[in-house]
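J.: Order-wise, the sequence lines are chains A and B.
Just so we're aligned, residue 1 is where the first sequence starts under the working numbering, counting upward by one.
Just so we're aligned, residue 1 is where the second sequence starts under the working numbering, counting upward by one.
Be aware that one or more of the hints could be misleading.
To be verified - Here are the computed lysine to aspartate or glutamate pairs in the EDC-like style, where the Cα-Cα straight-line distance is at most 20 Å:
hint, chain 1, residue 1, chain 2, residue 2
1, A, 99, A, 65
2, A, 101, A, 70
3, A, 250, B, 36
4, A, 62, A, 80
5, A, 250, B, 101
6, A, 250, B, 37
7, A, 11, A, 33
8, A, 62, A, 33
9, A, 81, A, 70
10, A, 250, B, 71
11, A, 250, B, 3
As the list claims (entries may be wrong) - Stretch-level coverage of chain A by chain B, calculated; a stretch enters the list once three of its residues show a Cβ under 8 Å from a Cβ in chain B:
hint, region
12, 34-43
13, 88-100
14, 246-257
Since the hints were made in silico from the structure, they are not lab data.
Glycine is no exception: its CB is placed at the ideal position from the N, C-alpha and C atoms.
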Amino acid sequence: MESELDRLRKKVENFPSASMFNRIAELARQAGDKDGAEQACRRCIKEFPRSSQAYVILADLKIAEGKSAEARQLVTTAIEKDPRSYAAHWLSASLAESKEKAIHHLRLILAFKPGDLQATKRIQELGGVAPPAPPAGSTATVSSARFAARPSPTSPPRAGVGAITTTSSKGLQAGIDAPSPTSTPVAAVSINTAIRQTMVSRTGILDALCGEPGVRGAVISDGQGRVVSARGLAAGQDELLAALAADLGKTALEVLRPSGVEGISSWSMGATLGQIISFNRGELTVAVVAEANVRPAMLELRARQALVDLGGA
Amino acid sequence: MQELLGHLNKVRGVGGTLLVSVEGLTMASQLRTGADESALAATIGELLGSAQRTAQHLGLGVPATFQAITDHGGLLILAAGPAYVAILTDAGANLSLLGIEAKPHLERIAARLAL
Numbered sequence: 001m002e003s004e005l006d007r008l009r010k011k012v013e014n015f016p017s018a019s020m021f022n023r024i025a026e027l028a029r030q031a032g033d034k035d036g037a038e039q040a041c042r043r044c045i046k047e048f049p050r051s052s053q054a055y056v057i058l059a060d061l062k063i064a065e066g067k068s069a070e071a072r073q074l075v076t077t078a079i080e081k082d083p084r085s086y087a088a089h090w091l092s093a094s095l096a097e098s099k100e101k102a103i104h105h106l107r108l109i110l111a112f113k114p115g116d117l118q119a120t121k122r123i124q125e126l127g128g129v130a131p132p133a134p135p136a137g138s139t140a141t142v143s144s145a146r147f148a149a150r151p152s153p154t155s156p157p158r159a160g161v162g163a164i165t166t167t168s169s170k171g172l173q174a175g176i177d178a179p180s181p182t183s184t185p186v187a188a189v190s191i192n193t194a195i196r197q198t199m200v201s202r203t204g205i206l207d208a209l210c211g212e213p214g215v216r217g218a219v220i221s222d223g224q225g226r227v228v229s230a231r232g233l234a235a236g237q238d239e240l241l242a243a244l245a246a247d248l249g250k251t252a253l254e255v256l257r258p259s260g261v262e263g264i265s266s267w268s269m270g271a272t273l274g275q276i277i278s279f280n281r282g283e284l285t286v287a288v289v290a291e292a293n294v295r296p297a298m299l300e301l302r303a304r305q306a307l308v309d310l311g312g313a
Numbered sequence: 001m002q003e004l005l006g007h008l009n010k011v012r013g014v015g016g017t018l019l020v021s022v023e024g025l026t027m028a029s030q031l032r033t034g035a036d037e038s039a040l041a042a043t044i045g046e047l048l049g050s051a052q053r054t055a056q057h058l059g060l061g062v063p064a065t066f067q068a069i070t071d072h073g074g075l076l077i078l079a080a081g082p083a084y085v086a087i088l089t090d091a092g093a094n095l096s097l098l099g100i101e102a103k104p105h106l107e108r109i110a111a112r113l114a115l
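Could you build the full structure based on these sequences and the hints that come with them?
T.: In structure tokens form, the structure reads like this:
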């Protein structure tokens with residue numbers, strides 16, 4: 001039977017996407033094919049230079065080879081590409097030459113993931129003081145450019161924040177080595193944990209989004225309207241929604257381009273029997289189909305959280 | 001009709017308005033100087049066509065609103081009877097509030113089109 005790795009390697013030639021390259025790299029690494037993993041990362045960086053995740057995976061590979069300096073440089077680049085990359089900051093903290101620098105990166109994680117238990121615990125292990133977690137039930141702050149989710153510190157871990165739950169990530173689950181509460185040296189922090197925290201299953205993310213009342217289905221697509229993942233949509237509708245959503249976003253941009261606009265962060269269409277709401281982050285788009293009476297603000301909240309969970313993809 | 005669009009232009013956050021048919025033909029315009037209203041109307045017509053196709057294929061009925069948000073302003077398209085009013089918004093405009101404030105103006109435009 002054809003393995004997921006073989007299937008993705010064939011698919012990526014026709015439908016290249018950063019997320020697919022990253023998945024290939026991760027699977028190749030798990031299979032012990034370090035050269036294949038590095039090759040996938042290099043191609044991802046070449047074809048999708050804005051993707052930060054490939055730098056993070058590559059950094060992890062370099063660490064395994066004992067090339068810490070090179071890994072540090074790669075992680076720095078990853079943070080430049082995506083200042084909100086959980087994995088990149090966690091790796092930076094792991095690679096830091098001093099506790100102060102490690103704590104600095106962990107605090108940056110808490111700046112965009114307030115109350116994150118892993119980061120908070122790690123800061124305490126390193127002897128630092130974590131910023132106070134936000135009160136339970138606090139309101140998320142939404143802006144057109146950035147979104148800062150504020151999960152309750154008592155809420156169960158979401159997919160992507162210490163929880164990998166889907167069957168497709170069996171390989172990722174194997175050998176997960178979460179930071180030990182007693183492990184104090186900076187270098188002792190498991191680097192793979194960081195990778196796994198952001199190698200989130202896109203399926204899991206869409207399950208949560210589609211579990212919201214009134215949501216019919218959702219699709220994650222790349223900039224060309226090609227499906228990365230979909231949930232809740234009838235056969236063929238996922239590709240249709242991805243293609244039409246890309247078309248709508250592109251046309252809307254054409255309308256606004258004379259005003260100096262170069263990119264649309266989100267768009268929505270309300271119709272008599274339902275609505276579509278679409279959000280962009282980097283090269284990925286989440287389009288959600290929902291009943292007409294679902295509050296768009298709630299959809300926005302969930303969809304943006306899904307995009308945040310996608311990390312540096 | 002120009003007068004009605006002029007009133008709509010006075011709503012806070014509105015940077016220009018355009019009344020277009022479903023086919024993308026300009027019916028009335030109150031855009032800022034320099035804007036190519038014909039080109040804009042044609043693109044909006046294309047957008048409406050895409051929206052209708054999307055809604056049809058996904059069983060969503062008839063499109064009534066479309067909004068796009070960017071860092072430098074936005075676009076709000078609202079149904080007004082058989083036509084659509086496209087509102088170009090300034091950066092930081094509250095699109096939800098704008099939609100509410102625009103509603104009576106849209107009803108007047110729809111009533112005028114029904115005459």
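J.: Run every hint past the structure and note whether it holds.
T.: Results for each hint:
1. A/99 - A/65: violated (23 Å)
2. A/101 - A/70: holds (17 Å)
3. A/250 - B/36: Satisfied, since the Cα-Cα distance of roughly 19 Å is no more than 20 Å.
4. A/62 - A/80: Satisfied, since the Cα-Cα distance of roughly 19 Å is no more than 20 Å.
5. A/250 - B/101: violated (28 Å)
6. A/250 - B/37: holds (19 Å)
7. A/11 - A/33: Holds - the C-alpha atoms of residue 33 of chain A and residue 11 of chain A are around 19 Å apart, at most 20 Å.
8. A/62 - A/33: Status holds; Cα separation ~14 Å.
9. A/81 - A/70: holds (17 Å)
10. A/250 - B/71: Roughly 16 Å separates the two Cα atoms, so the pair holds.
11. A/250 - B/3: Violated, because 32 Å separates the two Cα atoms, which is more than 20 Å.
12. 34-43: Not satisfied, violated; 0 residues make the cut.
13. 88-100: Per the Cβ count (0), the hint is violated.
14. 246-257: This one holds; 9 residues, not fewer than the three required, reach chain B with a Cβ under 8 Å.
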